[in-house]
Amino acid sequence: MDVLVCVKRVPAVGAEILLTADATAVDTRHLGFTIGPHEECAVEEAVRIAGRTGGSAGVLTVGPAETEEQLRYALSMGADHAVRVDAPVADPQPEVSAAAIASALRDLPPYDLVLFGEASADAGHAQVAFRVACALRRPVVGGVKGIEPGSDTVAVRREVGDGVEVHDAPLPAVVAVLEGLNLPRYPTIKGRLRARKARVRVLDAPSATGGLRTLRLRHRPDARAQTVELGRGAAAAPAVVDVLADLGVVR
Amino acid sequence: MVLAVIERETDGTPSAASAEVLAAARDLAHRLDLPVAAVAVGEAGDLPEDLVKQGVSHLHLLRHELLADGGPACTGEALAQLVAARRPAAVLAASTTESTEAMAWAAAALGVPLATACTEIRPRPEGCDELWEVTRERSGGILLEDAALDAPVRLCTLSAGGRPTGETAAAAEVTVDVFVPELDAAVPRARRVERAPRAAGMTLATAPVVVSGGRGVGSAEGYAVLEELAGLVGGAVGCSRVATNNGWRPHADQVGLTGTRVHPDLYIACGISGATQHWVGCMGARSILAVNTDPEAPMMRRATWSVVGDVHEVLPAVIAEIRRRSGR
Ligand SMILES: Cc1cc2nc3c(=O)[nH]c(=O)nc-3n(C[C@H](O)[C@H](O)[C@H](O)COP(=O)(O)OP(=O)(O)OC[C@H]3O[C@@H](n4cnc5c(N)ncnc54)[C@H](O)[C@@H]3O)c2cc1C
Ligand SMILES: Nc1ncnc2c1ncn2[C@@H]1O[C@H](COP(=O)(O)O)[C@@H](O)[C@H]1O
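Keeping their order, the protein sequence lines are chains A and S.
Quick note on numbering: our numbering labels position 152 of the first sequence as 152, and the sequence is numbered without any gaps.
Count along the second sequence from 1, add 1000, and you get the number used in our numbering.
If you are wondering where the hints come from, they were derived from the structure by calculation, not from laboratory data.
Since the model is a prediction, treat every value here as computed from it, not as a measurement.
Hints are not guaranteed to be accurate.
What the hints assert, rightly or not - The following residues of chain S were derived to be distant from chain A, with all beta-carbon distances above 10 angstroms:
| # | residue |
| --- | --- |
| 1 | Asp1046 |
| 2 | Ser1057 |
| 3 | Arg1063 |
| 4 | Ala1169 |
| 5 | Val1180 |
| 6 | Arg1191 |
| 7 | Ser1219 |
| 8 | Gly1234 |
Stated by the list, open to error - Here are the in silico distance ranges between beta carbons for each label pair:
| # | chain 1 | residue 1 | chain 2 | residue 2 | range |
| --- | --- | --- | --- | --- | --- |
| 9 | S | Pro1035 | A | Arg48 | 47 to 57 angstroms |
| 10 | A | Pro221 | S | Arg1124 | 45 to 55 angstroms |
| 11 | S | Gly1247 | A | Pro206 | 23 to 33 angstroms |
| 12 | A | Ile189 | S | Glu1009 | 47 to 57 angstroms |
| 13 | S | Glu1221 | A | Ser207 | 51 to 61 angstroms |
Quick reminder that beta carbons are idealized off the backbone N, C-alpha and C, glycines included.
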């Protein structure tokens, strides 16, 4: 089975997020970059399915040259080929990303399964997978935490509301996954060396525009009061239990 | 009109999330001086009586045998056709998996943008007619994004929480329309083949107290003391992504951006530094107690109460003190 995973380069923010002077983006001058956990699980799943079925596991991103760092990370996890659809920014509008991915899928050899993260880790539009599926008129299921590929269909499991559902989709299909689907591996040294030398195929993006334009980013107002230090080490126990008693969780 | 997408429970009543969507739709419709309409899948049931009390004057019922499969494509396609036919000013839906999927498909089919996880919708800022502004949550809500939404019909999903859903002026009457979309059975689609109720019991999302552990807990075995404390305070055990990545805890326990958002009265963060991706999962707690060897850890500075110390010294002492006081 041939599987393709769409991954997005996102800043690996720490405990504080700095914004650029014009507040339209996260200030990434002192940050590293990564892919989101949902997508990491998607890559892991693709590598496992390819291994099990004797197929291939590809990765694709839409963005400028530096996003190849994330493609190489996926290659070091065991993906066997990588595609970058050239775009001027790493955080395109969702309509633009979807148009680029759909166009690439029309150009590339066919895949049986195209995996997405449920939502990108930075913008979190939660829609690119569905737009791609709609453009290609392919079946799609999101919120997925279990994938069972068959010969011409795929069964997927997800939790929605108070229920657990199984959906069956004819192949080729689009699936958006959630972290928890599996436990992603850490890249091996060998994998890293192989990834460093791998060739990334670069495709052109179609011209597309979107209707949702970022004006500014803001920090959420933090209403929390001044922290009260209850003490140090085991000696703090009585003060802690006083708090628990005040809250009514212990007698 | 402003169109609210109603999700229904298995008994046909609107979900709690739908009540919030209706409240937001009413508010928006009021500002635009437009009527409120609602759309739902299936039979009317008690919905018209329910919705007229909520100020809804039009109910559109989507009906087609393919809609029973519960796939997002069919609902999305049906929604897109309704929107194309009725041309509402805006369509609002909940941020649940199902509604988001349907809205994403509908937006794609209509060729319009979709603003997800919105906390606020501002029509026509500064007298500009077409351009609306929204505020949406990014990175799970740690950042807010003000965005221009430029579309003939504005599709928005609303982030959960915070909207009052109480009494409102009822509409004079509600007109019920059945809308049968054109869905081609030959188009390849996903079909729901099984649905089972999820195991009941206290979940992380509903627990009144969450005792959560991160890297500082040190090992899978290290969680025994958190389990014991959770048992004493009637809470559930949570964890950080480091714990799940190390295989110490199942992912179902993970709190944060890609885990569960928790809203307990008390969140006890043990050996958790407080990275933004973890913080968005616990910032909804009424109060936070942080236990950490590092007094400068971000979680220690954001918590309501802090204890500087080793998890494995502090928690056993707390447990002993609880047992001493209660004589257990
Ligand atoms: C896109 C993305 C999404 C993410 N989603 C999530 C998510 O959903 N949930 C999540 O949790 N993380 C998430 N993360 C990871 C997040 O960035 C942090 O890496 C993670 O939360 C850190 O976990 P931690 O606090 O346990 O570990 P650390 O950051 O290593 O902190 C450990 C803390 O324990 C303290 N400590 C050490 N020993 C002891 C001891 N004996 N007693 C007491 N304290 C001690 C240390 O002082 C330190 O403060 C995500 C990251 C990315 C990039
Ligand atoms: N620029 C991009 N390049 C490749 N894949 C992307 C891009 N943006 C989004 N995706 C994929 O679409 C998913 C959902 O993204 P979003 O709709 O932004 O939440 C992500 O988890 C990725 O799998």
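Evaluation of the provided hints:
1. Distance check for Asp1046 (chain S) against chain A: the nearest CB is about 19 angstroms away, which clears 10 angstroms, and the non-interface claim stands.
2. Its beta-carbon lying about 28 angstroms from the closest one in chain A, Ser1057 (chain S) satisfies the requirement of being farther than 10 angstroms from that chain.
3. Even its closest Cβ contact with chain A, about 21 angstroms, leaves Arg1063 (chain S) beyond 10 angstroms, as expected for a residue assigned away from the interface.
4. For Ala1169 (chain S), the shortest C-beta to C-beta distance to chain A comes to about 30 angstroms, beyond the 10 angstroms cut-off, and the non-interface label holds.
5. Non-interface status of Val1180 (chain S) relative to chain A is upheld: no Cβ of that chain comes within 10 angstroms, the nearest being about 21 angstroms off.
6. With a least beta-carbon separation of about 5 angstroms from chain A, Arg1191 (chain S) fails to lie farther than 10 angstroms from that chain, contradicting its non-interface assignment.
7. No beta-carbon of chain A comes within 10 angstroms of the beta-carbon of Ser1219 (chain S); the shortest separation is about 16 angstroms.
8. Distance to chain A contradicts Gly1234 (chain S) as a non-interface residue, since its nearest Cβ pair spans about 6 angstroms, not more than 10 angstroms.
9. Between Pro1035 (chain S) and Arg48 (chain A) the C-beta distance comes to about 52 angstroms, which sits within the given range of 47 to 57 angstroms.
10. The given range of 45 to 55 angstroms is broken by Pro221 (chain A) and Arg1124 (chain S), whose C-beta atoms sit roughly 25 angstroms from each other.
11. At about 43 angstroms, the CB distance of Gly1247 (chain S) to Pro206 (chain A) disagrees with the hint of 23 to 33 angstroms.
12. For the hinted restraint 47 to 57 angstroms between Ile189 (chain A) and Glu1009 (chain S), the CB-CB distance of approximately 52 angstroms keeps it satisfied.
13. At roughly 57 angstroms, the beta carbons of Glu1221 (chain S) and Ser207 (chain A) sit within the given window of 51 to 61 angstroms.
Checked against the numbered hints listed earlier, the structure breaks hints 6, 8, 10 and 11; every other hint is satisfied.
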